[in-house]
Amino acid sequence: MSEFFLMGGHGAYVWSAYGLTLAVVIINVWLARAKLRAAPQRARELATQAEAPRKQPTVRRLQ
Amino acid sequence: MKLPRWFHQFGSPPYVYRLADRLCPWLGGLGGALLAVGAVWGLAFAPPDYQQGESARIIYIHPQTAYIGMMAYVVMAVASAIGYVWRLKLAHAVAVSAAPIGAWFTFCALFTGAVWGRPTWGTYWQWGDPRIMFEALLLFLFLGYLALREAFDDRDKADRVTAILAVVGVVNIPIVHYSVEWWNSLHQTSTLLAEGGPAMTTDMLIPFLIMVAAFTLTFYWLLLRRLQAEIVEREGDARWIRELVGEGAR
Chain A
13 MSEFFLMGGH
23 GAYVWSAYGL
33 TLAVVIINVW
43 LARAKLRAAP
53 QRARELATQA
63 EAPRKQPTVR
73 RLQ
Chain B
31 MKLPRWFHQF
41 GSPPYVYRLA
51 DRLCPWLGGL
61 GGALLAVGAV
71 WGLAFAPPDY
81 QQGESARIIY
91 IHPQTAYIGM
101 MAYVVMAVAS
111 AIGYVWRLKL
121 AHAVAVSAAP
131 IGAWFTFCAL
141 FTGAVWGRPT
151 WGTYWQWGDP
161 RIMFEALLLF
171 LFLGYLALRE
181 AFDDRDKADR
191 VTAILAVVGV
201 VNIPIVHYSV
211 EWWNSLHQTS
221 TLLAEGGPAM
231 TTDMLIPFLI
241 MVAAFTLTFY
251 WLLLRRLQAE
261 IVEREGDARW
271 IRELVGEGAR
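If you read the sequences in order, they're chains A and B. Residues 13 to 75 in my numbering are what the first sequence lists, from first letter to last. Residues 31 to 280 in my numbering are what the second sequence lists, from first letter to last.
Zero decoy hints are in this set.
Partial pick of chain A residues on the chain B-facing surface, computed with a CB cut under 7 Å:
no. : residue
1   : M19
2   : Y25
3   : A29
4   : L32
5   : T33
6   : A44
7   : K47
8   : R54
9   : A55
In short, the hints are calculated from the structure, not lab data. Built from N, CA and C at the ideal position, the CB exists for glycine as well.
Start from the sequences and build out the full structure, keeping to the hints where you can.
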């Protein structure tokens with residue numbers, strides 16, 4: 013079994029490559045899910061940002 | 031130029047959003063399963079290489095992640111061109127969604143290449159090596175694209191300007207691919223696309239192709255989920271989105 017992990021002396025290279033790749037896949041899945049979960053909130057923020065300048069009257073209304 | 035009718039369906043955000051919801055369980059389930067099968071096969075059951083020994087097991091992840099990075103770039107460039115020419119917002123949303131995935135996988139390809147290079151070439155990194163340099167340029171194109179977007183407050187302007195960068199940068203893709211043939215590189219030439227068929231035995235080719243399929247499915251899962259988020263952000267005040275979110279779907 014330990015022979016399998018040693019990989020004929022190349023264990024550090026093989027396992028770090030596979031480890032990083034696994035991490036990249038997991039991080040990407042997590043990032044995509046988090047972005048989707050946060051999207052409605054982000055849409056509301058963007059909508060209020062877009063509306064905000066319009067709420068400021070630029071010309072004073074005549075009495 | 032007039033677009034065919036089926037194309038307009040793919041320009042409709044609600045249609046694409048729902049299509050993504052239907053496809054993602056299959057892409058994710060099958061992609062995840064094949065990743066597990068391919069990794070175990072490549073690590074435990076495929077034979078070691080007669081020259082490189084056990085380090086050659088990196089061949090089941092390195093070319094695949096490199097290919098995902100390049101495919102992500104092509105998706106980004108084609109979507110950008112469509113978005114720019116036909117002013118299709120959804121196409122820009124596809125381009126934006128592909129960029130971070132491409133950056134991650136290109137980084138992954140550079141890393142797995144470095145740790146494969148050490149036992150095989152005697153070095154992690156070689157400045158000036160054409161394959162390594164153009165692959166690094168690919169990473170910087172993705173990062174430059176993402177950084178350039180941040181420079182704009184206006185999303186439509188960001189879409190149009192970054193689309194130009196994406197389309198111009200696509201010339202780098204054939205350069206990356208042919209760099210090992212055009213110039214002297216430490217990097218070996220393509221094993222799968224070798225002249226006269228794949229230059230590996232069947233017991234290596236099967237896990238190799240399983241991993242190609244696994245990463246491809248995973249990429250499209252990631253792309254569609256990010257695209258859904260991008261659609262919700264861009265169409266936030268549309269009624270169908272409010273209804274969808276109101277349902278407490280996610």
